[in-house]
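Go by the hints and put chain B onto chain A.
Those sequence lines, one after another, are chains A and B.
For the first sequence, my numbering assigns the number 734 to the initial residue and increments by one for each residue that follows.
For the second sequence, my numbering assigns the number 734 to the initial residue and increments by one for each residue that follows.
Derived by calculation from the structure, the hints in this document are not laboratory data.
There may be inaccurate statements among the hints.
[What the hints assert, rightly or not] Below, simulated DSS-like cross-link-like pairs (lysine-lysine); rule was C-alpha separation at most 25 angstroms, straight line: (1) A:Lys883 - B:Lys855; (2) B:Lys747 - A:Lys747; (3) A:Lys855 - B:Lys747.
[Unchecked claim] Here are some of the chain B residues that sit facing chain A, going by a computed Cβ distance under 7 angstroms: (4) Tyr755; (5) Gly773; (6) Tyr795; (7) Asn836; (8) Ser839; (9) Thr901.
Even glycine gets a Cβ: it sits at the ideal position worked out from N, Cα and C.
There are 2 protein chains.
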Amino acid sequence: MPDGYPHSERSRVKRLHQRGHYDHETVHAVIDAATFCHVGYVIDGQPYVTPTLHWRAGTRLYWHGSSASRMLRTVKEGVPACVTVALMDGLVLARSGFHCSVNYRSAMAFGTARAITDDDEKVAALEEFVEGIVPGHWAEMRPPNAQEIKATTVVGMDIDEAAAKIRTGPPADDEEDYALPCWAGVLPVTQTVGAPIPDPRLTPGIAPPDYLARFRVG
Amino acid sequence: MPDGYPHSERSRVKRLHQRGHYDHETVHAVIDAATFCHVGYVIDGQPYVTPTLHWRAGTRLYWHGSSASRMLRTVKEGVPACVTVALMDGLVLARSGFHCSVNYRSAMAFGTARAITDDDEKVAALEEFVEGIVPGHWAEMRPPNAQEIKATTVVGMDIDEAAAKIRTGPPADDEEDYALPCWAGVLPVTQTVGAPIPDPRLTPGIAPPDYLARFRVG
Numbered sequence: 734m735p736d737g738y739p740h741s742e743r744s745r746v747k748r749l750h751q752r753g754h755y756d757h758e759t760v761h762a763v764i765d766a767a768t769f770c771h772v773g774y775v776i777d778g779q780p781y782v783t784p785t786l787h788w789r790a791g792t793r794l795y796w797h798g799s800s801a802s803r804m805l806r807t808v809k810e811g812v813p814a815c816v817t818v819a820l821m822d823g824l825v826l827a828r829s830g831f832h833c834s835v836n837y838r839s840a841m842a843f844g845t846a847r848a849i850t851d852d853d854e855k856v857a858a859l860e861e862f863v864e865g866i867v868p869g870h871w872a873e874m875r876p877p878n879a880q881e882i883k884a885t886t887v888v889g890m891d892i893d894e895a896a897a898k899i900r901t902g903p904p905a906d907d908e909e910d911y912a913l914p915c916w917a918g919v920l921p922v923t924q925t926v927g928a929p930i931p932d933p934r935l936t937p938g939i940a941p942p943d944y945l946a947r948f949r950v951g
Numbered sequence: 734m735p736d737g738y739p740h741s742e743r744s745r746v747k748r749l750h751q752r753g754h755y756d757h758e759t760v761h762a763v764i765d766a767a768t769f770c771h772v773g774y775v776i777d778g779q780p781y782v783t784p785t786l787h788w789r790a791g792t793r794l795y796w797h798g799s800s801a802s803r804m805l806r807t808v809k810e811g812v813p814a815c816v817t818v819a820l821m822d823g824l825v826l827a828r829s830g831f832h833c834s835v836n837y838r839s840a841m842a843f844g845t846a847r848a849i850t851d852d853d854e855k856v857a858a859l860e861e862f863v864e865g866i867v868p869g870h871w872a873e874m875r876p877p878n879a880q881e882i883k884a885t886t887v888v889g890m891d892i893d894e895a896a897a898k899i900r901t902g903p904p905a906d907d908e909e910d911y912a913l914p915c916w917a918g919v920l921p922v923t924q925t926v927g928a929p930i931p932d933p934r935l936t937p938g939i940a941p942p943d944y945l946a947r948f949r950v951g
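Extracted from the complex, chain A is given alone in its bound form (with noise of 0.2 angstroms):
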């Protein structure tokens, strides 16, 4: 068996569970792929979803912001949280509405976040954020200054249950319905990065560095 998270009531794949992974290795996939995710929290009874950057390493998801972000300043302090990522890669037509579907891959995890107060440890963390997106920008950027750092929130969460949901592949009709003269199949959805677009007030004869070629989305 390979590695793979713990999955209760909470977060089981209940419907269509055929489609539900629990291992790491597709868990973590479909997290990457996504540049950023939608962060579930609760405020008096009331539901929250912000969505914003993230992160992971191993089993930890990584997000961040500003200090004063009413997210995080709930989400850090150790409540419950579900953190939700998903891609769209088609829409799926069926030859009845109640076969139409989206081809997607989608991750819902379950933990407790919070924040790393370490300087040294929010600036590292920072860094791997950067470097995992456009790496060698970085190193040219201006270093964070105190004030920065200060105004800047990072929260770590331990991923204590996780599931990945995935629908690929063409419609699946009922077997009578084949017959129709209807259209039927897949309209894929890709995201694409397009060419840079310089700063207007960018230092002439500073060309596109080649790590930009390195952001993929999707």
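Here is chain B on its own, set in the frame of chain A:
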């Protein structure tokens, strides 16, 4: 003043409030540009965030799924929900980590969802959903039967409060950093729809219909 959503402490954009928008036109444009949303809900104090496709009519959001879905069984009971959409339009590389950012369009809507219990209303809503994505496909498909209608839950949520948050444009660096020998600018990200992939079991002679070209993402 254009029509706008109320916003309280719950929904007001707090960080970088100049990125916040509450007018219907802006909020609806973001909601409509996203094919899927993330629905936040709470069970026994635990937040859950479930991705799903949505559609909109006026100031009402709709989504649907299996009647056995935990998410739908929960939200249709009239508990507080938060529906968030987010589109990433680009990675913003600045001359300091602190000013690195993302160009995005996001919206957060709060309300209470209710199941549509009338079968005709339910089917009409589903038709509106499909026609909003690929206008013309509904008429080609087999109509839903009684069992499928029963197995499908459609919920509608009147938006009580909502806000959009949008970032565009180049990095905004500290003035003294513009002289640094560091590349800065935007890596644009776009979602595109590829060529239709016919179902391997498609009846020979059925050409891709024109309505496939109507499907847009982002």
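Subject >> Hint check against the structure, violated hint numbers in rising order >> reply: As far as the earlier hints go, 1, 2, 4, 6, 7 and 9 are violated by this structure, in ascending order.
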